Amino acid sequence: MRLSLMLLITHGKRQRKLGGGKPQRLNILRRVVTGLVRHERIESTYAQCDEAKFYAERLIDYAKLGNTNAGAMRIADYWITEKDLIPKLFETLAPRFAEHDGRYCRLYRLPVTTQNTRDMAVLEYKGNPYPSLRPIPKNHPNSIANILVEGLRQDYEKKMEIDMKDQPAA
Amino acid sequence: MATSLLRIFHAAFQNVEIRLLQAFGLHPPPGPALAIPGCHHPLQGSQGSDMTEPSGLSSLLGGVFLMAAPKHRQSLERRHKRQRHPDKLIKPKENLFPCPECGSMMQEGFLCINCYQRIKYETDIIRQKIKETETDGLASTAETVVRYADETITESDKSKRVIEMARKKPHWFTKDMYDEHWKTS
Ligand SMILES: [Zn+2]
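Order-wise, the sequence lines are chains X and E. Residue numbering for the first sequence follows our numbering, starting at 1 and increasing by one per position. Residue numbering for the second sequence follows our numbering, starting at 1 and increasing by one per position.
Since the hints were derived computationally from the structure, they do not count as laboratory data. A couple of the hints might just be wrong.
Just some of the chain E residues that point at chain X, by a computed CB distance under 10 Å [stated by the list, open to error]:
| no. | residue |
| --- | --- |
| 1 | L111 |
| 2 | R127 |
| 3 | E151 |
| 4 | F173 |
Given the structure is predicted, the values throughout are model-derived calculations rather than measurements. C-beta: ideal position from N, C-alpha, C; glycine also.
This is chain X alone, in the form it adopts within the complex (with noise of 0.2 Å):
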């Protein structure tokens, strides 16, 4: 249960419903933080996406216990349905984690479009050996258009050093 002012103003009803009942939500879950694990990207609608997200970043919150610890296996063993994928959690992704705390998941979502009309998402795990999805911004120092600019910035501080010098001596 997460507790937040979001959680205040909708009466204690922040999540939303996800198939026809609790064990199906459940279900519907599992599947995809499997998926997640086994894939460290995964696309699926928007709803699932957002609720998976909190139930995979507590998985390695409990990964990192170590699997010598009886809960957080039994945590491991009921999240993850296909059952090869537990040493890859206590292996690579608790160390993978190990000095980072909090937010280990990716979301974003997709745009609605003609041929993607349902409101789809990738989430996906840090440190995924995929393309990043979203690169950081890079500058350009060798576009005509910089070049300029930074010609122009010199002749402006230059100008301004030559007026400082000749005050003082007026």
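Dock chain E with the ligand against chain X, hints included.
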């Protein structure tokens, strides 16, 4: 003019005369405007004289449940007011801007669909390669690093599982597209 008026008065007086005669029972009453004859089977009628079949409108609509229907046509003004209300129009999007990577228009808070399709294609290739390296479909526990044909792996990546790609690196896949910057921020 005068003849037409006379004709109208004549017709009106004839009508009044008929109505008066009807009131005193001297003229047969007018039949229903839309008379629907009931379907009588001659054989059935001759066999069972005590069984009276429903005739007329009630036999035609037997067992049909009539629903309420609009009595009057809505005026054009009312219809247009309802259908073309400003709240029902598609609102123009104000939060569109060109993608810094490819220049196609994208919406704030969403991914660029043009860039995403390109990245998804590359991601699917890498995923397929990873699937081929796994024996019996069991997931590997090592970290994964992708090496293209024109690349060399660093010392820190030697302990990891290396996915060899036969082709060269795509030109858009620059160095800062490796998911490394999350460690510092
Ligand atoms: Zn783009």
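Hints, verified against the model:
| no. | hint | verdict |
| --- | --- | --- |
| 1 | L111 | holds, 5 Å |
| 2 | R127 | holds, 6 Å |
| 3 | E151 | violated, 13 Å |
| 4 | F173 | holds, 5 Å |
The structure does not agree with numbered hint 3 stated previously, though it agrees with all others.
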